[in-house]
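Those protein sequence lines, which keep their order, are chains V and R. Take the first sequence: its position 326, counted from the start at 1, is 328 in the numbering used here, and no numbers get skipped. Take the second sequence: its position 282, counted from the start at 1, is 1030 in the numbering used here, and no numbers get skipped.
Just so you know, not all the hints are guaranteed correct.
In silico DSS-like links for lysine-lysine, alpha-carbon gap of 30 Å or less [claimed, not checked]:
{"#": "1", "chain 1": "V", "residue 1": "Lys318", "chain 2": "V", "residue 2": "Lys13"}
{"#": "2", "chain 1": "V", "residue 1": "Lys318", "chain 2": "R", "residue 2": "Lys851"}
{"#": "3", "chain 1": "R", "residue 1": "Lys851", "chain 2": "R", "residue 2": "Lys925"}
{"#": "4", "chain 1": "V", "residue 1": "Lys290", "chain 2": "R", "residue 2": "Lys851"}
{"#": "5", "chain 1": "R", "residue 1": "Lys851", "chain 2": "R", "residue 2": "Lys897"}
{"#": "6", "chain 1": "V", "residue 1": "Lys290", "chain 2": "R", "residue 2": "Lys897"}
{"#": "7", "chain 1": "V", "residue 1": "Lys13", "chain 2": "V", "residue 2": "Lys290"}
It is worth saying that the hints were derived from the structure and are not from the lab.
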Amino acid sequence: MIAAVPFQYTKTLGFMANQGRGFNNPVDLAFDSAGVLYVLNRAGPEVSSRLSYKRVTVCTLAEDYLGEFGAGGTADGEFWWPSSLAFDRDDRLYVADEALNRISAFDQQGRFLGKWGAAGAEPGQLNRPSCIAFDQQDNLLVADSLNHRIQKFTKEGRFLHQWGGYGDGPGCFNMPWGVALDADGNCYVADWRNDRIQKFDAAGAYLADLGCTGWESSPGDGRLHRPAGLAVDDQGSIYVADWGNQQVQVFDREGRFIGALRGDATIPSKWAEDYFAANPDEAAARGKADLEPEISRDQERGGPEYEWERSANVEKLFWGPTSVKLDPAGRIYIVDSLRHRLQIYQRPE
Amino acid sequence: MAKDERALMAHLFRRAGFGATGDELESCVAQGYETTVERLLHPEQAPALDEDVLRRYHVDQNSLMLIESSQAYWLYRLINTRRPLEEKMALFWHGLFATAYGKLNHAKAVVNQTNTFRRFGLGDFRSLLLELSRDPAMIFWLDNKDNHKDAPNENYGRELLELFSMGIGNYTEADVKACARAFTGWTIANAAYMSLRASRDSIWPHGRLDWQFVYLPEDHDDGPKTFLGQTGPFNGEDVIDIICQQPATASFVASKLYNFFVSDTPDEAPIQLLAGEFQRTGGNIRSVMRALFLSDFFRSEAVRLARVKSPAELVAGTARLAGSHRFPEWSIVNLAMDVNFMGQEILNPPTVEGWHTGQEWIDTGNLVERVNAAALEIGDITQPGVRAIIRRMREQGADLSPEQLVDACLESLSLYEIEENTRSSLVAHVEQDGDLAFDRRGVAECAEQRVAALLQLIVATREYQLA
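Chain R with its partners taken away, still in its complex shape:
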């Protein structure tokens, strides 16, 4: 199997998912790149996660009342999903439509929002914005429950235009006011009681109560509005229709997708290509993602390892390679805490702008955390993924030279585009202990430990921290 085909497939899975093991890559390369892309674009064809087993053992993840439990729940999904792009899209939209537990005091409400991203994240952008506008967590987060006919609150209307669809400079202050008026009456059921409970973080008497969207026509301003040059008695749906017709929206979504899936460094030509696909298909995200994954700019070696992995990507991807946490274990909460310590509290982004990505993921403190957490996972030779790596090496039969051992370990972590000085440093380190042999009495266990130690060293490299 050609190495460059595997390298390309590894790149695809780092971006469209959370990495892939050697066995997974082999199977996908055999199916072909285009077929694999199409399979990723249709997550509904793969089995859903068995949530029952998770809910049985993690009683706290059944109700999702607490933030730590909910973060652990999502991390388990990232590690175990058979629909990697569905989860990756959910993570993307969560970063873009950033809604935080910290204000809501209702973890399940944020989880429910991520379920909306799973369902609508590859559909048409209009439906996604509509669902988002009806999402109780969003309504609470941006105060649309306080957006009344006789007292508009502009928070959601403003962010919908600025952060969720078009970007600043493409609308006026009058458009913001019209947009807010269009969304009056879009609120949650029992808003007064739910607001009071949230404000005092009340879990009494019997835990959280879910939130439901309600539309109150008597609280909706159905007067005429002028929005982005069009005039009418617009409601929220009408405003979303107009937003989705704007070239600025196509460019905005395209640039966000490019940044998340292709490169930390913007590039106008590919962004416009994606924007064109958005406009051509009426905002169909699946079509845009297809164009992205099949493009030359995505397949180019220039963009491989051109993004810093987010903490969630790093931790979930390493656990997938190690084969850890394939079944509910209490320790998943510790792994989720590691993601927090690295600077990404999933379900609790710092602001409505989401996380600052790229090199801002890395500082001297959290780099140590990233390396330590990844090394802990990949260095456990009892984990099935690590055992599979070792087994494949043993099956080669002969002793492995330091160079062969380094290359085998790099390949087992699906890391192909490594710089020569990194590789030579790894080889020099391995040379201190000579060739690796599994077949001589008394050395097998030591050999396994050497493999694990080298895997730990590799996850500490600059390249492994990149996607």
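Bound-form chain V, shown alone:
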């Protein structure tokens, strides 16, 4: 944690695993109505021996591993560049795929239900859908990143509406990544290459934006670098995975900076504890190591590249945070993509 913020780190969930209990480059997370976690593993590269790493892992907050489904491929129910997932009101899970330009639907057991989507730039077509979120009418908003727009579809894939277009003016986008909704149905978009968050009403009319290009080692002025996923709580506070700055920034409903998180994963996950119990020599060597080394490389350059290097060295820090999700108990889940885990914080009452 790099600023005094009213959020308490509570735990780390996850472990690097190519298959089975653990994650491999998780990029997004969704909860079903019972609060079970579905973690989307993008993994890579796309070579045959590694395609099985791509999957959805199902587990609980208490780190009970419930199973997994899906694999790398292009057949029904398979993933190539899975990017985002979301549950509808009927507990059906939708998964977006940026390489296949399609949305696939599954039940809670991971059974494939159907798919829709076609590549292209026409209304209703997709070019690297990077994030999906359901609105209050249970329609699906899609960040259509390389078409620089937001599209709205029915759950069955019928095109309803779009807004945006390439640019840096109000209401325009440059490769948007994350999309989220607040309790009033307003839509927030992480405008990735414009380094800002834009707010729209439910019909897509531009309302406001926050953030500006930059980086800051002691944040407080809303400088973002390539924001990815985001979430909005019932108070209207906005949680942004500030991917390029390797942190999460939090803003109040007026867009004022509240605080920033940089990662605190000092307590091993239960799954990691099991690993060290089975490999006591490695645990002993780790116990003697300095896990927060000073680094020299890129220090003189500063900025996002230095933060990226710090994260490569200091294991507790976020590295490539792609998504933020909230649960009804006030927990904040940060998908710590390059560290194959979730870091979980608690919002005060």
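Following the hints, complete the assembly by docking chain R onto the known chain V.
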């Protein structure tokens, strides 16, 4: 525009970069040869690659944990860099200071080393050797983490002299021992934990941890040493200073640069000219490279197409011509695998001696791989570079005779020094289908395919396999 000016510029870009398209050549010829050389020598003046977009789409290339991902990452850089000489120098130093993933089990550590080559590869050789000696991948690769005050390990000290700076015959066994002692205490942070992780290829619990250089004064032997005739309580910096003063070092670096940038066949006079520039400038590599590119021996037609392209040069150069992989696509990993199949696993050279180059790049198996991979890239008429080639031909308006078509295709691939029997074979092949016409209804698509097929045939020629 004079054809010989374009031919010379094409030669320059094959050597100082990864080839150039017709449009790029035209623009550079207009600027002039010397100006272009100077621009190449100052890569920092060109925009850096946008790594964010690469890291966004290739999540695996963001952490660089896996070797395939890291190879694909570098190949993307080779294809898309606007600083071609920076990447070419990185490839050169990577071949000379060959450090392999296979022993390290840490791909990003090798990538970090290539970043050092990008930063210091055109600077002074002393700084480069110093950075190399502090490079964690090198420290791990040549066991300097096991080089202790009371138990020296000579591996790095020996290779520094034999393979990285002077060459065998220019030092004694006692110099090797003194050199090793000077580098005691030069190690990596958390060496025990990192060594254990590397030995079992541990990626647990949360992926790789980067390595950092540390100097441990308590583990350094600061006693007197005699090294190459000089005596003192030398540390690593002092040893590097002495190495860089040696005429043998100048000749060694010059011969390696000549071999990589000029010809597979050594030639003593030009090598000594480069060595002289090295000595005159205190080992400034940029000055040596300037002297090389501006020399008569480099511009000479005798050295054009006198080197066999390395697999990385062949694949990156063909993709640049085709205009493929200009934006992150998952298929870049397949292209990187092609480079492996041709015998050059970048970031994972076979030994500390690097790759055997020249004609050893070619055997009956990998020649087929080279031709097939290049033909696949250049034969895709949907790629923007291929479309630009076709567009330029269409803009000529009139039908193209077989000879005109062959010459236009050769020029579009920036291939000027082709042997007459190769050219006549290509013309004879094209003559089977007669003139090429774009403007008649129903034949345009067929004409485009004919162009693509001819481009594929050209990349299969002996000349295209050479740089």
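Broken hints, by number: none
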